[in-house]
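Q: Take the given structure of chain A and dock chain B to it, following the hints.
Residue numbers (the numbering used here), protein chains in the order written: chain A, 164 to 652; chain B, 5 to 250.
These aren't lab readings, by the way, just hints derived from the structure by calculation.
Be careful, since some hints might not be right.
[To be verified] Pairwise CB distance ranges, derived in the manner of DEER restraints:
id	chain 1	residue 1	chain 2	residue 2	range
1	A	Ala589	B	His148	55 to 65 angstroms
2	A	Arg483	B	Thr165	33 to 43 angstroms
3	A	Asp440	B	Gly114	50 to 60 angstroms
4	B	Arg199	A	Arg477	44 to 54 angstroms
[Stated by the list, open to error] Simulated coverage check for chain B against chain A, where a stretch passes if three residues somewhere in it have a Cβ under 8 angstroms from a Cβ of chain A:
id	region
5	157-167
6	183-193
[Stated by the list, open to error] Some chain B residues well away from chain A (every beta-carbon gap over 10 angstroms; in silico):
id	residue
7	Gln100
8	Leu136
9	Val145
10	Glu146
Ideal Cβ positions, reconstructed from N, Cα and C, are used throughout, including at glycine.
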Amino acid sequence: MRLRLEAGMVIDGFRLIEHLNTGGMAQIWAVERVGDGDAAQDNEEAAPGTEPAPAPEPLVMKFPMLIDSDDPIPIVCFETEQMIMPRLSGRHVPRFVATGPLDPQPYIVMERIQGDSLKSRLANVPLLWQEVVEIGAKVARALHDLHLQKVIHLDVKPSNVMFRETGEAVLIDFGFARHEQLPDLLAEEFREPFGTTPYMAPEQVLEDRADPRSDLFALGVMLYFFVTGERPFGTPKGGQIRRRLWRDPVPPRALKPDCPPWLQEIILRCLEVDPNDRYATAAQLALDLENPNQVRLTERAERLERDGGLKTFRRWLKARSAKPLETPNIVGQLSQAPIILVAVDLSPEGGDLREAQRVLLGRILSMEMEARVACVNVLKLSRLAVDVLEDEEGRSLHVQRLIQLRHWGAGLEIPKERITYSVLEAVDPAAALIDYARHNAVDHIVIGARASSAFRRYLGSVSSQVVAEAPCSVTVVRPPRELREAGEG
Amino acid sequence: MLIALLTDIHGNREAFSAVLAHARSLNVDRLVLLGDYVGYGADPAWVVDTVRTLVAEGAIALLGNHDAAIDGTDEDMNPIAQEAIRWTRGQLGMEQRAFLADLPLVHEEGDILYVHANGYAPRSWNYITDTLEAARHFSRVEAHITFCGHVHVPMLYHMSTTAKVGSFSPVSDNEIPLLPTRTWLAVIGAVGQPRDGVPAANYAVFDTARQCLRYFRVPYDNMEAARKVREAGLPEKLAQRLEEGR
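So that you can see chain A by itself, here it is in the shape it has in the complex (with noise of 0.2 angstroms):
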């Protein structure tokens, strides 16, 4: 640290009001823009006596502990989190304001998100599963929205999450995460693994940086610590942190039995040595948490014990010739396993539209090996009437629907772990949909639309609506036989 720092003291245009934390690379100060006051004060002249003046952004400067140490993993983390925060934007990370040189002391300022980490939670382990789940769900989708972005976090654990007052996941802390598109320094400086040893995953260890699901392999550790009240692989040092290699962990429910066989399903899975036998991506495992009947049960569910003598063994022979990736390709791991969502009309008169979706979605799975589909059909509501949701026999809609929807399904080539269904009842099936599309970080949505008529146009169909307003890529299917009759019209 160059300069003494003090409350009051006023850097770049930052005046520092209150120390926060000093951690082992950096500390943290609450600041504020100084002039916050003066610019509040020519709004008040622009709108003379309307609103009061807004309060100054909460932000926070970060100040990396470099000079008095020979140790250079502060400065190569601080130029790290330098060179990554600028990228990176949305409701997951804090929002970068500014960054200073080297002289007289460099910083970080950013958006100062409230409360406690999770790291305030494990004075209260093992919680409730429930709020386990909950938890998972949401820092999944906060490593999805990071790994769009083509960054790894590779340090994924409970000081480095916080939440929004809204109810978001935000990652914070980027000094040892790896953007594809910029050098990493971290690599080139040091000869070992990085990150903190009760989180690492095995490639981690083995000092590969380019792959996203070591994000999920850490959120696996902290889901099972949250469950269980313990680490799965304890808090190693040195050379032992190679076990996580060949060593499973004790089945999360030999220790907490009340921990359901899906959620220790999930929670193993995000725990496989191999990458490959992770899940694909964040999105899918969030969308997992969030639909436990959905969850497709393995031997892992249901496992008590460690695994035994001979398998352990395979794993250790295979760890002493495990290779690092060079290159990461994280835009790569994601766009092969991506949620496609289907919007199926399970009208009588769809059944060409069924039939084209199916092909066509056919052809998508062919190409994307990890595709996972979410199968959607609406149930649409009336604005005003009291819906009557069961037919004339009282059998609930809703449940026929999801029948229905499952019997479409079962004629894809997909393994029943990848597809999911769902039945939404809405006014407005196109924001019904969306919605569905944007909570779940769906990547393309195949959606049929039905021959256009007079009345079509003018109210506006489903189809046209998706296509105007969806975050994401959207196919929509015609029937042949709407293309033959066009040709001849």
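A: The following block gives chain B in isolation, referenced to the frame of chain A:
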């Protein structure tokens, strides 16, 4: 200020025009040309005249080894480069040759160094092709940032405060902050003869205010440039290189 960095134009009129148009569309404030205006390509006279005009308008232009070989020796060159230089001599007039002969080897401005091949022995024309060569450059050069060409393939080398040297293969149109805590050596890929398997022309833009570097690939009519190389009777290999980008 936005500074466009162009190098290794090598008589390729089509590529040079496309890159200049691209740079103008970004409203760059300044051009720095890192040498090798001639050799290999079919339009050396047009390229040299264009460079002269740009210099008159305020651009910086440095000397490359092919430019130096016009009035100097071509002994050290490979046979194909030699043949191209001998053909090029016949294409250039006295004024054009005098312009090339007078070009400076290096240009320094603040803590930035511009040079064709390397900073430690500019006239040796040694190539910086790996981190060892980059380390040699860093150990003898003070500049915070060095821009060079000569290798034809874009690469970004950087040295940390503990003198560890890393390399990074940049992606097109992607902003890289050149942090003040490190020393940087940015090798700019060739405008007129790319060699990394991508035929599109290379160049880069440095934003001095934000200290960010952005490498670009600019597609151009490389088939036309290759056709003119063949028409001029230059070695077939030189036409193929433009078609394939290697």
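Q: Would you mind marking each hint as holding or not holding in the structure?
A: Hint by hint, here is what the structure shows:
no.: 1; hint: Ala589/A with His148/B: 55 to 65 angstroms; result: holds, 58 angstroms
no.: 2; hint: Arg483/A with Thr165/B: 33 to 43 angstroms; result: holds, 36 angstroms
no.: 3; hint: Asp440/A with Gly114/B: 50 to 60 angstroms; result: holds, 53 angstroms
no.: 4; hint: Arg199/B with Arg477/A: 44 to 54 angstroms; result: holds, 46 angstroms
no.: 5; hint: 157-167; result: holds (count 5)
no.: 6; hint: 183-193; result: holds (count 4)
no.: 7; hint: Gln100; result: holds, 40 angstroms
no.: 8; hint: Leu136; result: holds, 14 angstroms
no.: 9; hint: Val145; result: holds, 19 angstroms
no.: 10; hint: Glu146; result: holds, 16 angstroms
No hint from the list above goes unmet by this structure.
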